[in-house]
Amino acid sequence: MIPELIVNGAATGGVFALLAVGFSLIFGVARIINLSHTAFGMLAAYLLYALVTSYGLNFYLSVLLSILLTVLIGTLLYRLCLHPVREHELTVLVISVALGVLIQQVMVQLFGGTFRSLPSFAAGYLEVFGVRVLKGHLLVLGIALLSLLALWLLLTRTKLGIAIRATAQDREMANLVGINVGWICTLTMALALALAALSGTLIGPLITLSPWTWLQLLVVVLAVVVLGGLGSLKGSLIAAFLLGYTETAVVFFVPMGSFLRGVASLTVMLIVLVLRPEGLFGISFEEERL
Amino acid sequence: MTFLQRLRDFLREEVFSLPSRAVVFLACIFLLFLPLFAGNPYQLQVMVLTNLFAIYAASWDLLSGYTGQVSFGHALFFGVSAYSAALLNLRLGWPCWLTIPAGALVAVLTGLLVGVPCLRLRGPYLALATLAFPIILTGIVFAFPETTGGEFGLSGLSRLTPSRVYDYYLSLFLMMGCVFLMWKIANSKIGIILHSIREDEIASRACGINTSRYKLLAFSLSGFFAGLAGSVFAHFMRAVGPLTLDTSISFQAVIWTVFGGITSIYGAVGGVYILYPLLEFFRLAPQLRLLSFAVIVIVVLFFMPEGLLRWVRDRVEVECPRCKKRNTSGRRSCRVCGAPLGG
Chain A
376 MIPELIVNGA
386 ATGGVFALLA
396 VGFSLIFGVA
406 RIINLSHTAF
416 GMLAAYLLYA
426 LVTSYGLNFY
436 LSVLLSILLT
446 VLIGTLLYRL
456 CLHPVREHEL
466 TVLVISVALG
476 VLIQQVMVQL
486 FGGTFRSLPS
496 FAAGYLEVFG
506 VRVLKGHLLV
516 LGIALLSLLA
526 LWLLLTRTKL
536 GIAIRATAQD
546 REMANLVGIN
556 VGWICTLTMA
566 LALALAALSG
576 TLIGPLITLS
586 PWTWLQLLVV
596 VLAVVVLGGL
606 GSLKGSLIAA
616 FLLGYTETAV
626 VFFVPMGSFL
636 RGVASLTVML
646 IVLVLRPEGL
656 FGISFEEERL
Chain B
8 MTFLQRLRDF
18 LREEVFSLPS
28 RAVVFLACIF
38 LLFLPLFAGN
48 PYQLQVMVLT
58 NLFAIYAASW
68 DLLSGYTGQV
78 SFGHALFFGV
88 SAYSAALLNL
98 RLGWPCWLTI
108 PAGALVAVLT
118 GLLVGVPCLR
128 LRGPYLALAT
138 LAFPIILTGI
148 VFAFPETTGG
158 EFGLSGLSRL
168 TPSRVYDYYL
178 SLFLMMGCVF
188 LMWKIANSKI
198 GIILHSIRED
208 EIASRACGIN
218 TSRYKLLAFS
228 LSGFFAGLAG
238 SVFAHFMRAV
248 GPLTLDTSIS
258 FQAVIWTVFG
268 GITSIYGAVG
278 GVYILYPLLE
288 FFRLAPQLRL
298 LSFAVIVIVV
308 LFFMPEGLLR
318 WVRDRVEVEC
328 PRCKKRNTSG
338 RRSCRVCGAP
348 LGG
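Residue numbers (our numbering), protein chains in the order written: chain A, 376 to 665; chain B, 8 to 350.
If you're looking for bench data, these hints aren't it; they were derived computationally from the structure. Glycine included, each C-beta is placed from N, C-alpha and C at the ideal position. Treat the hints with caution; some may be incorrect.
Computed spacing ranges between beta-carbons, pair by pair [said to hold, decoys possible]:
hint, chain 1, residue 1, chain 2, residue 2, range
1, B, 40, A, 447, 50 to 56 Å
2, A, 524, B, 163, 54 to 60 Å
3, A, 484, B, 250, 47 to 53 Å
4, A, 521, B, 255, 34 to 40 Å
5, A, 649, B, 159, 32 to 38 Å
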């Protein structure tokens with residue numbers, strides 16, 4: 376029972392982490408709360424479905440293609456719809472919700488409102504510490520950890536990463552030292568979209584996919600991000616595993632738990648927020664005053 | 008005779024001197040006579056819901072637009088009051104003139120209950136924390152199906168009024184009263200304090216304003232109006248379901264208000280009156296309904312990020328630089344103080 380919980384919780388946490396880190400990244404750099412973030416993950420999962428089942432492409436090639444396509448579409452939509460109005464905070468929010476609904480409805484048009492299931496990365500079980508674990512879960516955890524490591528290297532070891540972090544810390548200052556802030560924002564958006572698309576293709580096979588999946592995922596991502604502290608990548612990571620374990624534990628131990636998994640993580644989020652208003656690792660800035 | 012003359016002068020000098028007032032006046036007249044030429048009961052039902060959602064959206068604007076406490080969980084107030092009205096009506100047999108105020112009061116209490124832990128949160132944290140409340144409540148509704156009806160909700164509430172036309176007038180007068188009240192509050196001294204909290208909370212505290220008290224006041228006022236809309240909604244539909252707590256209802260308030268123009272009660276109300284009937288009359292092409300809705304919202308906000316109605320108002324009216332009264336744009340001099348305009 377306990378080892379099963381540990382492995383399943385880790386896999387759930389890994390996917391949450393991928394989604395939340397992307398969301399947190401774009402918030403930290405461009406100050407955009409992109410509520411359509413998970414919708415792009417869902418878009419990638421649907422693209423994967425279409426490429427594999429309708430066009431019969433190779434599975435790994437289609438994963439790559441669907442991620443690329445999602446990044447392309449998402450970045451274009453960002454430049455077209457969000458970038459020009461980014462000064463108006465609430466307008467950005469509403470447009471991003473509208474973008475999510477747009478993607479949802481296009482999916483309804485193209486694939487219908489029925490539930491779909493994607494072909495799995497790796498079928499079958501594996502014995503880990505005497506527990507039978509889905510291979511898919513292990514693979515998800517592995518890829519999630521690898522891509523998080525890659526992201527960490529990118530952010531700390533490359534010039535681009537340093538520019539991204541500089542923009543996140545202080546936009547005006549970054550601009551003064553010659554960083555093209557608009558361009559960095561677009562690049563970060565592309566990076567965040569790639570993470571969203573990757574997590575979409577990863578969890579696509581583990582869940583049943585419907586055009587409304589993005590809303591359920593969005594609630595979880597928001598809980599993770601707020602719990603960890605907005606804009607803090609380390610916080611999102613820790614919060615993702617915390618909530619991953621909470622959800623798994625609720626499903627395991629509470630009767631009718633699968634109804635309450637979202638409720639449990641949101642309650643954890645609220646309790647933490649009441650005790651620490653800026654989340655676990657968020658830094659509370661003094662308000663900017665002009 | 009003198010009364011009619013005074014009425015005519017009042018209309019000419021105070022109402023028709025400004026395009027925005029004239030539009031509001033004509034819209035009210037139109038809504039009053041709407042049942043005369045509404046073709047079928049379905050259209051009337053859409054308009055009743057539009058009236059109720061106008062109250063709901065304006066209450067969101069009062070909390071989030073004016074006070075800056077952006078809430079993504081406004082459906083909490085709507086749903087809580089709808090459910091409490093339904094439970095009081097069905098379990099205790101209270102008539103609807105008692106359950107509606109009771110539902111609104113429960114929403115006020117909920118507003119205080121939610122407001123206290125949220126006092127320390129700001130900006131996006133507050134928005135995302137409030138998003139959680141209705142979702143948690145939905146989970147509770149599902150967990151106790153015997154009391155709350157679970158997935159299917161509660162139905163069989165007593166009727167609001169005997170006929171749909173009466174329903175329409177009730178909702179219309181309620182809407183006019185509530186919106187007028189909110190507009191008055193927003194322009195009163197309290198409204199100015201709420202503005203100052205949004206602009207700079209620390210500075211308003213330095214001015215000796217008890218910001219916590221005013222934030223709680225905003226939460227409970229907003230909860231009251233949203234709750235009123237919710238309980239009337241429950242009695243009008245004669246059924247309550249988890250849909251009243253749905254995240255989409257919360258986001259609708261944000262979409263309507265930002266579409267019409269935030270921090271202006273009229274923007275929220277106008278946004279509902281434009282978008283809600285529009286969405287309903289898209290039923291001609293049901294598959295493309297939400298799609299075209301999303302596209303319209305994106306396109307309008309792209310060109311008018313401050314909201315449709317505020318954008319239009321800024322085009323047709325100018326503010327007098329001396330006395331700050333509004334004038335029709337194109338006038339040479341201010342209609343009140345005579346100061347030269349434009350240039």
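Could one say that the CB atoms of residue 649 of chain A and residue 159 of chain B fall in the range 32 to 38 Å?
holds, 33 Å
The hint says 47 to 53 Å between residue 484 of chain A and residue 250 of chain B; measuring C-beta to C-beta, is that right?
Roughly 23 Å apart at Cβ, these two residues miss the hinted range, so it is violated.
Determine whether the Cβ-Cβ distance between residue 521 of chain A and residue 255 of chain B falls within the hinted range of 34 to 40 Å.
holds, 36 Å
Do the beta carbons of residue 524 of chain A and residue 163 of chain B sit within 54 to 60 Å of each other?
holds, 58 Å
Assuming the hint says 50 to 56 Å, is it satisfied by the Cβ distance from residue 40 of chain B to residue 447 of chain A or not?
Cβ of residue 40 of chain B to Cβ of residue 447 of chain A: about 53 Å, so the range 50 to 56 Å holds.
Of the numbered hints listed earlier, the single one contradicted by the structure is hint 3.
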